[in-house]
Structure formats: C-alpha cells, structure tokens
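Peer 1: Each chain, letter by letter, is given below.
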Amino acid sequence: MWSSPFITQPTSVSQIMLRVLLALIPGIALYVWYFGPAILVSITLASITALATEAAMLKLRQRPLKPFLSDNSALLTAWLLALSIPPLAPWWMVVVGTAFAIAVSKHLYGGLGNNPFNPAMIGYAVLIISFPVHMTHWLTPHALGGIELSFAEQMNYMFGGGLPQGLTLDAITMATALDTMKTQLHLGLSISDIRDMPIYGRLAGKGSEMVAIGFAIGGLYLLFTRIISWHLPVAYLAALFATAGVFHLLDPAHYVTPLFHWFSGAAMLGAFFILTDPVTSPTTAKGKLIFAVGAGVLTYLIRVFGGFPDGMAFATLLMNICVPLIDAWTQPKVFGKKGDGK
Amino acid sequence: MRTLFQFHGGVHPPTHKTESTRTPIAQAALPSKLVVALHQHVGNRAKPVVQVGERVLKGQKIGRPEGKLSSAVHAPTSGTVSAIDMQLVAHQSGLPDLCITLIPDGKDEWIAHSGVDTTQTPHSDLRHLLRKAGVVGLGGAVFPSDLKADAHHHKITTLILNGAECEPYITCDDMLMRERAADIVSGAQVLRALLQAEEVLIGIEDNKPEAVAAMQRAVQDGKHQGIEVIAVPTLYPSGGAKQLIRILTGIEVAAGVRSTEMGVQCFNVATAYSVWRALAHGEPLLSRIVTVTGNVDHAQNFEVLLGTPLNELVAQAGSRADTSKHIMGGPMMGVDLPSGTVGITKATNCIIEASPALFPPPPPALPCIRCTRCAEACPAELQPQELYWFAKARDFGKTQEYSLFDCIECGACAYVCPSQIPLVQYYRFAKSEIWQREREAQAAEVARARHEYRQLRIERDKQEKAEKLAQKEREAAAKAAAQAAAVPTPLDPLAAPDDTQQLRINEAIARAKAQAAAAQPKNTDTLTPQQQAEVAEIEARRAKIREMAADSGADDEPPKSNQG
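Chains A and B, in that order, are what the protein sequence lines are.
Here my numbering is used: the first residue of the first sequence is 1, the next is one more, and so on.
Here my numbering is used: the first residue of the second sequence is 1, the next is one more, and so on.
Be careful, since some hints might not be right.
Straight-line Cα separation of at most 25 Å, DMTMM-like style, residue types lysine to aspartate or glutamate; simulated pairs [unchecked claim]:
1) A:Lys333 to B:Glu401
2) B:Lys472 to B:Glu507
3) A:Lys333 to B:Glu381
4) B:Lys513 to B:Glu473
5) A:Lys338 to B:Glu376
6) A:Lys337 to B:Glu473
7) B:Lys431 to B:Asp395
8) A:Lys337 to B:Glu507
9) A:Lys286 to B:Asp406
10) A:Lys338 to B:Glu507
Keep in mind that the hints were calculated from the coordinates and are not lab data.
These numbers were taken from a predicted model, which means no experiment stands behind them.
Generate coordinates for the entire structure from the input sequences, incorporating the hints supplied.
Peer 2: This is the structure in structure tokens:
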C-alpha cells in the first residue's frame, strides 16, 4: 500500500545530472574558442560509447533500460572524461576509457549510486597508465599562432588517418602548462624564466586558464542553484591554495603561486564537477570538508612531487577510498542531542 | 519583537490552503447514522456504558475511560444505539475496532449540562472535568488533555499553542482561529493556569495572516496579559510540536524526552478551544472542524459530529466521481483510509479526496545517489540516507545506532528525494521489525525464565526427595543400631543430638499440618447446591457494586467545590 508522503518534489536524478551537464557548457564553449572544435567530437564519441556501454551492461544485468539510460549519469561521466583527456586523442582511446569507466567502475560495482570510485577518473587513470604518451599531447591554443591542423585534418588523425605529410605530433601539440612547469623546473630553469614562455598567460596556461574560468563559472551556477553544496569546492580550492601558498612562500623560485595551481590542470573542473559527484563523496558536511581538504593537498603533492602531469584524478580516487570511513566518523549529532539542549 | 529560532531543514511543499478557506466553517448536515469509535485517543479504549436499543441524549456519555490513560466518548446527538460492534475505523492500521452506532432522532436533544467558573474551580476538578468531557489533543496525537494539563512536578515556563498548521491542504485550525479566536484564547488561559505557566506563546505560520490578526484581536479584546501571538515563517514541519518549541523558545526536546521536563508544554489551538467549551459551557467533545478538500467541487471546512460516516461528509463538499481514495490528515503525514464508511474521529483534522490526477503515483524509485538532499531537509537532523541503507539491508541494529527512533516520519526526506525513494516506508518497516523483534525477545525471555524456574523446581524436588530418602535411611540405620545395641548407651555423645533433632523436626511437621488444616475455609465445604447458588449471586452483586464504585470514583464524581 502506498503511504505518506503522497506528494514529492518534481526533481529527479535525470534533472540534476542535466543541470550539471548544462553547467559544463561555458567551459566547453571557451574550450572550443581557444582550441577548436575537436573537443566536441571527443565529447560526442564518449557520449555514444557511454550510452552504448550503459545499455549493454543494463541488459547483461537484466535491469530496465529506460529509467537508467535517461538518468543522464552516463552522459556526465562521458563528458567529464572527454574533458580530462587531450582532445586529439585517437578515437579508440576515448572509447576504451569511457567503456572501462561505465562497464567496470560503475556497473561491476552495482550501477548508479553504488560505485565507490568516480567513473570518469577511473577512465582517466586507466588511460594515463596505459597510454601515457598519448595523454601528454594537448592541442596548442590558437593564440600561440603555431602550426594548426584544420578540423578535417584533426578528424583524419583522430580516426586513424595519421598526420598530414611532414608534420609530427610534437609539432602541433604541447604538454600542459602544469607539465611544462614541472619538466622545465627539473631542467633547472627558474619560475620567472618559465613563465615568460609563450604558452603561459596571465594566470596559468594560455587558453587553458580561460577554460578553467569557464568551469568555475559553471560551478558557481551549480553552487547558487544548490545542486552542489559549498563544502567540497570551497574546501578543495582552499586546501590547494594553502598548500601551494606555503611552498611558494618558502621558496618562490621553485614553487609557483597558488593561483597558478587554481587555474591550471583540472583543478576547477575537479573542484566543481568531479569531487562533487555525490555517489563517490562523503555525505556529511564535516566529511565533505575532510574529503576535499585531503584531495586538495594530494592534488598539490602529486602535481609537484609525483610522476603524473596532473594530480586531480589520483587525489580524487585516493580520497574516494576513504569515504566510508569518513562518513562513519563524522556522523553529526541529532536534534536535541547536542549536549546543551539549545 | 521576539527572536525566533530555526530548526534544521524543512521543505516548502505547495500549500493548497486557499481552496478551503474561501467560505466560513459550515455545519455539516446531520448524518443518517453515527459510527462512534470507542478508541479515539491515545491509551485504553473507552468501555461502552449503553445498551443496544437504548435512547441517548446529545452529550450523554456512551463510553467511559478505562484506566488513567484513557478518555470518555459521548453521544454526538440524541438518538438510539443500534449496534455496539467491530467496525472499520479511521486509523492507519486498517483494522476494525469497537464502535457504537447511533441512529439520530433528529431532535438533537441535549443532556443537562452546565459550565463552571474556571477561575474558582480547583485545578484537580478542572482536570477531572476535561477527562469526563473526553477532551484530547486535536492536532492529531489525541493525547488526553487532562494528563497534559498537569505539569507533573516540573516547573513550566512556557505554554505553547500550536496554530502553525504546516501541512498542505489542512485549514481547520486556520478557520477556527479566524472565527472562534476568543474561545481559543480563553482556553489557553485555563491551560496556563492549570500548568502555572509564566507565558503563553501562540505560534501561527505566516501564511495565515487572517488567523494571526484574529488571534491578536482576541488577546487585546480579552485584555489577556502574557499571551503573545507570533507569526512564524512558513516551513514544513514547523507545526511539529518539537519544531514549534524550537522556533519559539530555542529549546530542542530530544526524542524520548517530555517537553515538560524542559519547562514547555504544547497544545493545539483546537484543543484549547475544546477545553474552553468543556469547562465554561459543559459541552463534551462531540464535534470537530474537518477540512474537506482535494478532489471535490467546493473544498470547505465543516463542523462535523464525531462518528459521521466519511462518505456522507465528503458528499457535502461535492466529492468527484474519480476519487480513488480518502486521505486523513495532510499529504505529508496523512493516512490512506481503509474505507469510505469509517466515522470521523477526534483525530480527523482533514479529509483529502485523492484522485490519480491529483496525487499521481510516484515513478519507480531509482537507486540512492547519496545526494543528501534528505539530510538537508530532515528536521530531526538525522542522516536519512544512512537509515535507508541500513533498513534496506535489514541491519536494524545500525538503524537504531543512527537514531531511527528520533525520526518523526514527517516525510520531508521522501518529498525531496530525486530518486523518488519511499524513504519513510523504509523507516516504518524498520521500526515495526524492531518492535516485533523486541516483542519476540520479551516472549523468549519469559519462556526462558519459565523454563529455568521449571528446571530449578525439578532440581529442588529431586534434592528434597534425595534428602528425605537419606533421612529415612538414617532413621532405619539408627533404629537398627538401637535394636542391635539392645543395651542403651546413654553416653553416646554423637547419637543423642541426632535423635532430639529428629524429634523436633517431626513435631514441627505435625504442627504445620495442624495449622494448615485449621486455615482451610470449612464453612463452604458442606453447603447445599441452593446455598451455593445464593453465595454466587451475592458475589456477583458485590462485583457489580465494586465496578460501579470504581466507575464513579474515577469519573462520575461531581467536582467537589462547584459552587465556590
């Protein structure tokens, strides 16, 4: 028998996910503006793969297709993964990463709501471990005025046709601003010298800093429409800023500014879109703060002292492991049982 | 301006209150019959005191309270008792309960009744009158008011009158406050006197400005001191007693704690009204205001005689043909009534006629995505998602660890859940499973104790038998020894005490037997059958007298200083 409450608010999982997808649009638009439309192709490819994998897994698990295919969660995973890898990545990389994310890290753990790890970040981790070289070839922004492929040539390369005659991948791509900073520092250059390189803009990498701002704008929209709570992005960015700030103050010649860390790599995307995945983050307010601070510190440590070009993905996954413990330890006191009765 | 406090969470469901506030409270038509439930309150069921076929007057008691926690039930109009039997009642259990069916004679003839001067009557008498008048909490909890109007040795600072009426659709308190504010405020004064409370705070959600104004006017006109009418922000469930106490005083009353222990007592506005009618006018609780709304042509509030069959009531509001069920209460916490034939009870504040168009069944639930919108909405500051996981996994120990029993089942969590999970149903399930297990554990405990006692008894009997046997053997041995000795050996230091001790034991047994025989009643042993019948009759009469005495002692005794 149906019992009270007899009314529910007309929000749904599908709407929430759709809002998050919408919030990604400013970042994607700036991405296209600075780096060309190739990203749209990899987003589309990832989306198709995600939906196909989702459908196949639902079928295998004998679950109804419609409610789950329309919940938009697979699409969100696809978009986040596509935005995390170089847009010129060959088509099969996008497919392998997305399929792994959906099939293994989501459905093998029980599907929507049951995955302990962020599926997009699992997809990213699989790709960076399996194809590290491909993962470092990022498009150069238009603003640098280097050699640029036409959209047709980009598509030709993505789908296995190779590069135009006389061009190597290195000539048309570059490492990220974060990666370049690390390798150049290793070569003994000082930060001020590195920052003078043409790939750097006002805050961080030329072009990529604007994309980060685009993600931050979308993230603020999510914050103000209360799709996400403030705890995760604020604590994450604060922790990243503080850790970077301490190192920068101690040795400004070898450690870049906190703002550089904010606006390079996946920091903004991660703060507002990846850590905030409710399924893989803690449920309590205090727990969210602990989780985000941990991720912020780990991001910095992996970026600066680790072997990977960015630390966001592994920081997220490492903190994902801690979520059940954090939740269990941060249960708040209930109404009337806070001690003083007031 | 008073500082108001906030409670955590809460939701803003569409209120749907204007539909039923457009017209004043109407007197519902006299129904063809009244099905008056004898259990309309918290506590023991009232015991019927009328016979089938008996004519009763309006206001005549037809059920008397049984035990301390109980309340009286009265004939809502004059007529004839046509049945006293089990009927479906307006309760979520869907189980039948004892009801008195009354066929009205249309005369609406009152029993003699009169009020008392509440300021001159001793408090214990006022409480007794409330119990006699069947006054119970009309906000839905139906707890006997006479018991609540007693501070139970706690110092009560604040009396709160709950006029928040936060549930959507319900407007019975709103209309009552608009139309009968003076009586409510007078009732509040009596309750304050009974509790010796320092101040009275009347909390009303600010979406009821007319009610707030009417109540403020009543306080001014009556020149009442120390009564404050306070508009509180509209936020469901501000009308929950604990939430309203929090809003008005800042005090959080934990689950399992009585608010009186923290110096606060809370009554519904309609209860205060009934208190006043019962004491000042001698009118027992015979009717209440019921909102009839939802899938009806003209939603409205009615003053309804208790026991009015639901069908006859909703017809007066023009219930539409596609009505699929009747919800008693609001859409957040109401119950789906088992039948349209049930009688209106003291707990029936609202009937929502529901149709599939008005309340579409929820879509199939999706998995929980841990978004914690439920936790943000929970006024008890629970973690509903954790409770859901544990309840689903049947890990009931964990649900209790996560304060399942602090849940007030307000439905805010299920209301906001984007996965449309019927969370409250999971909590009800877990609670009922835990209760069931506790009952089973208790039964097992009783069985275990019984078994252990039986084992103990068997063991004891065995020991006693063995001892007796040993005793006999010793005696036989002693005799044999004595005979064998032939010549007495008076100087045996070991044998002598043994013999005298045995002698003493034998004497004691003989004494006890004699006493037991003397104690047995012998005068009834040799009676003729005629004499025995007489004795039985006398016993029966005695029992009846005892019962009557208990009844009048508990209930019918007139207040001693009525004249005062």
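Peer 1: Confirm or reject each hint.
Peer 2: Structure-based check of each hint:
1. A:Lys333 to B:Glu401: 12 Å, holds
2. B:Lys472 to B:Glu507: 16 Å, holds
3. A:Lys333 to B:Glu381: At roughly 7 Å apart (the allowed maximum being 25 Å), B:Glu381 and A:Lys333 satisfy the hint.
4. B:Lys513 to B:Glu473: 23 Å, holds
5. A:Lys338 to B:Glu376: Holds, because 17 Å separates the two Cα atoms, which is no more than 25 Å.
6. A:Lys337 to B:Glu473: 69 Å, violated
7. B:Lys431 to B:Asp395: Cα-Cα ~12 Å, so holds.
8. A:Lys337 to B:Glu507: Cα-Cα ~67 Å, so violated.
9. A:Lys286 to B:Asp406: Measuring from Cα to Cα gives roughly 21 Å; hence the hint holds.
10. A:Lys338 to B:Glu507: Violated. A:Lys338 to B:Glu507 sits at ~69 Å, over the 25 Å cutoff.
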